[in-house]
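Number of protein chains: 2
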Amino acid sequence: MDYNFSDRVKSLKPSAIREILKNSSAPGLIPLSAGNPAPDAFPYEAIREVSQKLLEDTPIEALQYGVTEGYAPLREHLTAYMKKKHHVGGEGDDILITSGAQQVMDLLTKTLLNEGDTVLCEAPSFIGSLNTFRSYRAKLVGIPMEEDGIDLAKLEAALKTEKNIKYLYTIPNFQNPSGITMSLEKRKRVYELCRDHGVMVLEDNPYGDLRFAGEDLPSIKSFDTEGVVMYAGSFSKVVSPGMRVGYAIGPKEVIAKMVVCKQGEDVHSNMWAQIVCHRFMTGFDYEAHLQGLREIYRRKSSVLLKAMEEHFTPLITWSKFEGGLFAWCTLPEGVDMLEFVKRAMEKKACVVPGTAFLTDETQPCRAFRINFSTPTDGQLEEGIKILGETVKEFI
Amino acid sequence: MDYNFSDRVKSLKPSAIREILKNSSAPGLIPLSAGNPAPDAFPYEAIREVSQKLLEDTPIEALQYGVTEGYAPLREHLTAYMKKKHHVGGEGDDILITSGAQQVMDLLTKTLLNEGDTVLCEAPSFIGSLNTFRSYRAKLVGIPMEEDGIDLAKLEAALKTEKNIKYLYTIPNFQNPSGITMSLEKRKRVYELCRDHGVMVLEDNPYGDLRFAGEDLPSIKSFDTEGVVMYAGSFSKVVSPGMRVGYAIGPKEVIAKMVVCKQGEDVHSNMWAQIVCHRFMTGFDYEAHLQGLREIYRRKSSVLLKAMEEHFTPLITWSKFEGGLFAWCTLPEGVDMLEFVKRAMEKKACVVPGTAFLTDETQPCRAFRINFSTPTDGQLEEGIKILGETVKEFI
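Chains as they are written, first to last, in numbering that gives the first Met the number 0: chain A, 0 to 394; chain B, 0 to 394.
No lab work stands behind these hints, which were simulated from the structure alone. Note that CB positions come from ideal geometry on N, CA and C, so glycine has one too. Check before you lean on any hint, since a few could be wrong.
Said to hold, decoys possible - Ranges of calculated distance between the beta carbons of each label pair, as one might list FRET restraints:
#1 GLN362(A) to ALA152(B): 30 to 40 angstroms
#2 PRO72(A) to PRO38(B): 12 to 22 angstroms
#3 LEU11(A) to ALA152(B): 31 to 41 angstroms
#4 LYS187(B) to PRO38(A): 29 to 39 angstroms
#5 THR375(A) to GLY291(B): 40 to 50 angstroms
#6 VAL66(B) to GLU48(A): 52 to 62 angstroms
#7 ARG293(B) to ASP1(A): 34 to 44 angstroms
Claimed, not checked - So the derived list for chain A, only partly shown, Cβ under 7 angstroms to chain B, looks like this:
#8 THR67
#9 GLU68
#10 ALA79
#11 MET270
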């Protein structure tokens with residue numbers, strides 16, 4: 000039979016990068032290209048305890064249908080917690096539990112976007128979200144990143160000239176892939192600019208709790224008094240990504256539409272995972288757990304930094320990062336980045352070419368992304384050494 | 000701030016039925032309107048045992064990211080099981096694990112449908128799926144049901160006259176809401192007709208394992224040698240709906256596109272639930288479990304039938320049902336169905352008005368749906384008595 004696919008599916012082009020990365024999970028490769036939390040970051044003993052207890056106490060609650068909005072005790076706890084700790088969420092806001100934060104990107108796009116409408120995003124930005132926006136046939140407009148976050152002048156110019164902008168997508172903390180953190184001043188200004196142009200902000204904050212240097216900054220959502228910001232939170236990097244539990248905190252009116260869209264996609268999110276997250280947050284010392292994670296990633300990042308200083312300097316440079324899971328590295332002028340990535344891969348060190356994170360992957364780019372949470376310390380040291388040796392072959 | 004919602008969201012109209020059912024979960028109401036599995040149908044002791052063991056053996060596997068296609072051992076086991084037991088899935092097919100079967104409806108629609116394209120469906124049909132199709136702005140064309148399934152003459156006429164038909168949506172076993180099972184002859188003919196018109200069949204089979212009378216019939220997918228049928232299976236009615244685990248078995252080419260769409264929606268389905276389903280299917284006597292479920296529903300349906308014979312005959316009639324969770328009842332001519340449902344609700348018996356399941360809920364309809372899995376035996380007897388008394392007030 001011949002299949003007549005939808006235009007949105009027909010327009011999804013096969014990626015050149017996917018070809019390069021196709022074999023990146025082959026055995027023997029050093030996985031600097033992934034984005035998985037470190038295996039020792041999972042609180043699996045606590046989860047086992049919580050899970051056993053809830054399947055003894057309230058098995059039917061964990062196994063029966065739930066409501067689309069999410070498990071009520073988790074919604075209530077998160078609402079109070081995010082308000083108290085991060086000033087996220089106010090009177091005009093509501094909360095929706097999602098099947099991972101990726102579903103927040105999907106549902107907001109479904110709720111706001113017609114084909115051809117514009118999404119502003121940081122350039123570079125997280126490929127998973129960009130692909131979600133593309134699946135709704137968004138026009139993606141990338142705004143360049145500076146050392147302290149998005150380029151405000153270019154953002155303002157885009158807000159003035161682009162048509163039918165529905166939202167700005169930003170990851171203010173330890174951005175994926177650049178590792179960059181947006182300054183406080185820029186956060187305030189991004190809020191004002193978007194508000195003044197009637198454009199929503201989709202603030203994605205999966206890594207905010209993983210700061211291992213510098214000081215916490217307020218989220219953009221914390222300035223929101225006018226229903227401008229949809230905040231996407233996630234348990235993937237702080238409890239478990241396999242559970243697929245995320246959440247959206249944003250204007251009631253928008254959340255209500257997202258609930259209807261979610262009902263048509265998966266009815267509700269896995270109940271066991273929602274209850275485990277609730278009981279883990281409330282029955283254990285959650286702040287101590289987060290502190291433990293920061294120690295794990297501080298240590299791993301210092302292994303990376305030491306190796307980069309030894310093997311990269313002065314040829315390969317990297318952006319400053321104070322948290323998260325990624326380092327963004329730039330090759331010297333004249334080095335063909337895609338050739339470098341291929342050559343490194345032949346030597347078993349696998350990184351992601353920077354073009355993967357652009358709205359147009361045919362644009363020139365000398366950067367690549369390193370993940371330091373997945374590899375072991377030994378793999379990290381070995382991988383950086385290989386990359387350092389590889390770049391010398393291009394000079 | 001003013002929100003400019005997408006056309007697809009703007010076109011979702013508030014339902015008159017939702018207003019009627021708004022208070023259906025109020026305490027004291029008899030829940031004949033739900034669709035939950037019976038609480039004693041959950042194998043929660045086995046799930047507790049499996050869950051504890053997997054969080055001891057392989058906690059990281061359960062908590063780490065997985066692949067979009069689904070947990071490989073579950074995919075392999077289901078592929079072999081469905082092929083051997085139900086002749087579902089052949090050389091040209093692949094399997095995708097989804098976040099409940101609802102996601103199969105969503106992903107196939109996303110993969111095939113442009114706005115305004117046509118979906119043929121049974122009339123009446125499952126409201127959840129109809130709403131998913133509506134969220135993609137499908138043109139829904141309802142084909143009337145007969146005692147042995149869809150009206151073939153009307154199906155053929157629609158296949159000939161409607162434009163841009165992407166698929167026929169059907170629930171051949173114990174259909175929701177009508178309880179009707181499609182005859183073997185009609186199954187074969189539906190396959191041939193759709194194939195000959197180049198239209199896919201979306202075969203939704205959530206209740207197939209819950210037959211408590213008559214003989215099992217082959218699925219439409221079992222005839223498929225040409226990549227015509229996408230089969231949607233689910234663990235919701237046989238293990239647990241709260242886990243949100245379903246699956247699609249269909250043409251490789253279509254599944255591949257659905258995988259890309261799923262990646263953008265929720266990356267992958269909850270890992271714990273996928274592993275629990277796999278270990279439950281392989282480590283326990285799954286066939287004995289299914290037999291136990293059939294006994295539970297056979298007993299509950301006999302409570303319902305006895306009560307209906309006592310309180311409904313001769314005024315309210317019902318369609319024959321040999322499995323599933325629902326009975327479809329028809330009021331005498333001249334009775335206003337919506338008024339009847341409202342009046343019954345005032346007396347604490349809550350059923351779903353039949354119009355909820357139509358492609359156009361303003362069409363005339365004298366039917367309502369009863370669920371017999373959620374209420375206790377006592378609630379079932381009391382509810383039917385109230386409905387029987389209520390109808391007399393209209394005569």
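Hint check:
no.: 1; hint: GLN362(A) to ALA152(B): 30 to 40 angstroms; verdict: violated, 57 angstroms
no.: 2; hint: PRO72(A) to PRO38(B): 12 to 22 angstroms; verdict: holds, 20 angstroms
no.: 3; hint: LEU11(A) to ALA152(B): 31 to 41 angstroms; verdict: holds, 39 angstroms
no.: 4; hint: LYS187(B) to PRO38(A): 29 to 39 angstroms; verdict: violated, 52 angstroms
no.: 5; hint: THR375(A) to GLY291(B): 40 to 50 angstroms; verdict: holds, 47 angstroms
no.: 6; hint: VAL66(B) to GLU48(A): 52 to 62 angstroms; verdict: violated, 28 angstroms
no.: 7; hint: ARG293(B) to ASP1(A): 34 to 44 angstroms; verdict: holds, 40 angstroms
no.: 8; hint: THR67; verdict: violated, 11 angstroms
no.: 9; hint: GLU68; verdict: violated, 13 angstroms
no.: 10; hint: ALA79; verdict: violated, 24 angstroms
no.: 11; hint: MET270; verdict: holds, 4 angstroms
Checked against the numbered hints given earlier, the structure breaks hints 1, 4, 6, 8, 9, 10 and satisfies all the rest.
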